[in-house]
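Spelled out, the chains give:
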Amino acid sequence: MELKRIVLKKEMKFLGLLLTSLLIASASAAVYYSLTMQPRVTVSAPLIKFSQAPDNPTGSTVYDAWVRLNATSYPNATLTYEKALYINNTDGSSAHSFRLKHVSITPANGTSDVGNWTSIKFLVYNSSGYVFSLNYTVTSNAWYLEPGVETNYYSIPASTGWWIRLETLSPATATTGKVCDIQISVDVQQ
Amino acid sequence: MPSEILPEFFALLGIDLFLLLSLLTCLLDERFPKALPYVFQAAALMGFGHLLISREFMVLFGEYMRFWYSFFYLIVALINIVTVNIYIATAKRMWLLAKAWAGTVTFPTFVVTVFFVSNYGFTASIEFPLLLLQVSLVVSTIVLGVSTLIFLSPDILNKFRRNKEVN
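Residue numbers (my numbering), protein chains in the order written: chain A, 659 to 848; chain B, 134 to 300.
Treat the hints with care, as some may be off.
[What the hints assert, rightly or not] As a list, the in silico DSSO-like pairs of lysine-lysine whose alpha-carbon atoms are at most 27 Å apart: (1) A:Lys-668 <-> B:Lys-167; (2) B:Lys-232 <-> A:Lys-668; (3) A:Lys-707 <-> A:Lys-667; (4) B:Lys-225 <-> A:Lys-668; (5) A:Lys-667 <-> A:Lys-741; (6) A:Lys-741 <-> A:Lys-759; (7) B:Lys-167 <-> A:Lys-671; (8) B:Lys-292 <-> A:Lys-667; (9) A:Lys-667 <-> B:Lys-167; (10) A:Lys-671 <-> B:Lys-292.
[Said to hold, decoys possible] Label-pair restraints from in silico Cβ distances: (11) B:Glu-189 <-> A:Thr-831: 55 to 65 Å; (12) A:Glu-669 <-> B:Ser-286: 32 to 42 Å; (13) B:Thr-256 <-> A:Ser-791: 29 to 39 Å.
[Stated by the list, open to error] Sample of chain A residues facing chain B (criterion: CB under 7 Å; computed from the structure): (14) Leu-673; (15) Leu-677; (16) Leu-681; (17) Ala-683; (18) Ser-684; (19) Ser-686; (20) Gln-710; (21) Cys-838.
Don't read these hints as lab results, they were simulated from the structure.
In this text the structure is predicted, and so the values were computed from the model without any measurement.
From the three backbone atoms N, C-alpha and C, an ideal C-beta is built for every residue, glycine too.
Work out the full structure: start from the sequences and follow the hints.
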């Protein structure tokens, strides 16, 4: 009985050491593996890229992967840039999905300056018509963005161009010269 | 491009040797102090910490320094293997076990170490005193050879002593 107890104790001790050994060995190997990873970053042209459209706001800057649109809004009148910007899928063989995602906006929520706008809408169209939109609307000095719009991806077919229609509207009481900066990212699934 | 061994590989090898020692001393626990397997586990754990630190300060340390502190850790692990071998042979006077240990643990670990260190020396583009490294490995191999000879024929040492007394 005593001998059995001793043997069992030794087995348990060995098992414990074996388990901790496995843990230490695999953790060390993982750390070493993380040291050996050799990332390579190759510069390439974007598959989904922007290009100038006929109604591009004056003073805008358009690069393949970065755009600044200098739009205007009028008090009590909707200003529409029918084709403000093209979004092209330059991949000739396969479709790619993308979405418009809000990053930041100024003036910040709660400040009285927000009241200088009623809505700023980014509507995406293709040759068949409306696809989706990212609409900023103002309610009680706060920006409101429709929930769910940012989470959906939309597939743009190979070698196809879609466009963004930009609509702006300010209230009759808006102050001239006030500026709103919106930053939107275009997430592309390669 | 052939994949080169990073200097931290020697630390990884040292960790594995300490873990091997821990498990073997646990299996032969009647012949060793009870705490010894845990001491080796702690040494392996220190090696793991060593790897983590090396990863965090990789750029700061440089390849030369990284090689030497990793190689030093491996040497400590090898010294422990040889020490356990000598302990079995001299303190415990278990010649058969000492011979088995030398053949199955000490000698293979030295061969593996020599293989990887020489491989690193040939493939690494960095400059380090390779001569010192080679000399230390040659000395280690000679010591290992003499030890093996003594283990295989324990009487040879007594004969050598008697010859010295006669002269």
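Comparing the hints with the structure gives:
1. A:Lys-668 <-> B:Lys-167: 11 Å, holds
2. B:Lys-232 <-> A:Lys-668: Holds, at roughly 25 Å.
3. A:Lys-707 <-> A:Lys-667: Violated - the C-alpha atoms of A:Lys-667 and A:Lys-707 are around 68 Å apart, more than 27 Å.
4. B:Lys-225 <-> A:Lys-668: Holds: B:Lys-225 and A:Lys-668 sit about 21 Å apart, inside 27 Å.
5. A:Lys-667 <-> A:Lys-741: 79 Å, violated
6. A:Lys-741 <-> A:Lys-759: Holds. A:Lys-741 to A:Lys-759 sits at ~20 Å (cutoff 27 Å).
7. B:Lys-167 <-> A:Lys-671: 11 Å, holds
8. B:Lys-292 <-> A:Lys-667: 45 Å, violated
9. A:Lys-667 <-> B:Lys-167: 13 Å, holds
10. A:Lys-671 <-> B:Lys-292: 43 Å, violated
11. B:Glu-189 <-> A:Thr-831: 55 to 65 Å: Check passed, 57 Å falls within 55 to 65 Å.
12. A:Glu-669 <-> B:Ser-286: 32 to 42 Å: Taking Cβ atoms as reference, A:Glu-669 and B:Ser-286 lie about 37 Å apart, which means the hint holds.
13. B:Thr-256 <-> A:Ser-791: 29 to 39 Å: Hint violated: Cβ distance 58 Å, outside 29 to 39 Å.
14. Leu-673: 10 Å, violated
15. Leu-677: 11 Å, violated
16. Leu-681: 10 Å, violated
17. Ala-683: 6 Å, holds
18. Ser-684: 10 Å, violated
19. Ser-686: 5 Å, holds
20. Gln-710: For A:Gln-710, the interface hint is violated, since the closest Cβ of chain B sits about 43 Å away, which is over 7 Å.
21. Cys-838: 43 Å, violated
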